[in-house]
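Undergrad: From first to last, the protein sequence lines are chains F and V. My numbering puts the first residue of the first sequence at 1, with every later residue one more than the last. My numbering puts the first residue of the second sequence at 1, with every later residue one more than the last.
A couple of the hints might just be wrong.
Derived DSS-like pairs: lysine-lysine, alpha-carbon spacing no greater than 25 Å straight-line [said to hold, decoys possible]:
| no. | chain 1 | residue 1 | chain 2 | residue 2 |
| --- | --- | --- | --- | --- |
| 1 | F | K101 | F | K58 |
| 2 | F | K58 | F | K69 |
| 3 | F | K101 | V | K57 |
| 4 | V | K9 | V | K83 |
| 5 | V | K71 | F | K101 |
| 6 | F | K101 | V | K14 |
| 7 | F | K58 | F | K68 |
| 8 | F | K68 | F | K101 |
| 9 | V | K57 | V | K70 |
Now the stretches of chain V that chain F is said to cover, found in silico as 3 or more residues with beta-carbon under 8 Å [unchecked claim]:
| no. | region |
| --- | --- |
| 10 | 12-23 |
| 11 | 40-49 |
Source of the hints: derived by calculation from the structure; they are not laboratory data. Don't be surprised by glycine CBs; every beta carbon is placed ideally from N, CA and C.
Spelled out from the first residue to the last, the chains are:
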Amino acid sequence: AQSVTQLGSHVSVSEGALVLLRCNYSSSVPPYLFWYVQYPNQGLQLLLKYTSAATLVKGINGFEAEFKKSETSFHLTKPSAHMSDAAEYFCAVSEGFGNEKLTFGTGTRLTIIP
Amino acid sequence: DGGITQSPKYLFRKEGQNVTLSCEQNLNHDAMYWYRQDPGQGLRLIYYSQIVNDFQKGDIAEGYSVSREKKESFPLTVTSAQKNPTAFYLCASSIPTGGIDEQYFGPGTRLTVT
C-alpha cells in the first residue's frame, strides 16, 4: 500500500526566503510522485511530477523537488518566496502501471510574511 | 477552452435529501475521479472510472453513488446514507502523459448539509 506524510501542516516564511515543504512517501513499487497547489476554494493545479526520468524535477512558478530514494523523500523547494505562493500544497503518490489512483498527503498551508 | 466543469460552486441541502453533483469534462479523457476534501485530511478518493459504463469504489465510497454513461460526464450522488456529507468535493480526469496518468482537477463544489 502507498502512503504520503507531509511534515508540518502550516509553514510560514518571509517574502524572499527559502521555501521548503517536506514530503515522505511509502510505496511497494517505484513510485510516481506529484506536488499540487490549491488556492482558496479552488481545485488543484499540478506543480510538478517525478516519473523516474530525473531525480531533480523543475515545475511551474519556480518550484522544484528532488527525489531521494534512500530517504523516501520528495521535498518541494523554492529559493525565494513570493506573496503569491501563499496556498495549500499537497504531495501525492501513485504506483502507476495501471494503478493510477493517487494517494494524497494531508497538505501544508504556506503563509508568506511580508 | 478545454477543462473540467463542476456545478454548482456552492450547494446547500437539508439532512435526509439525496443530492447530485455535476462533473463535465471536454478534454477527451478516459478516466475520471471524485475526491472528498476535509480540513486537515487531504483528499480522499470516493469513486473512479477508467472507461464509460465502468467504475470502481475508492477508499470512502459508502453513502455515495456514481454513473458513467458518457465519456464527458461523471455525476456523483451523495445519498442520505452518508453520515457526514458536508465537505468540498473535487472531480478530476486524467490521460496518460509520459507513461503516467496526469490528473486535472475541476474547481470543486462545496456541499453544506444542515
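Undergrad: The structure should be examined with respect to each hint, and the outcome stated for every one.
TA: The hints, checked one at a time:
1. K101(F) with K58(F): Within the cut-off at roughly 23 Å; holds.
2. K58(F) with K69(F): It holds: about 18 Å lies between the C-alpha atoms, which stays within 25 Å.
3. K101(F) with K57(V): holds, 11 Å
4. K9(V) with K83(V): holds, 22 Å
5. K71(V) with K101(F): Holds, at about 19 Å.
6. K101(F) with K14(V): violated, 32 Å
7. K58(F) with K68(F): Given pair K58(F), K68(F) holds - Cα atoms ~15 Å apart, limit 25 Å.
8. K68(F) with K101(F): Given that 25 Å is the threshold and the Cα spacing comes to 22 Å, the pair holds.
9. K57(V) with K70(V): Between K57(V) and K70(V) the Cα gap is close to 18 Å, so the pair holds against 25 Å.
10. 12-23: violated (count 0)
11. 40-49: holds (count 7)
Hints 6 and 10 from the earlier list are contradicted by this structure; the remaining hints agree with it.
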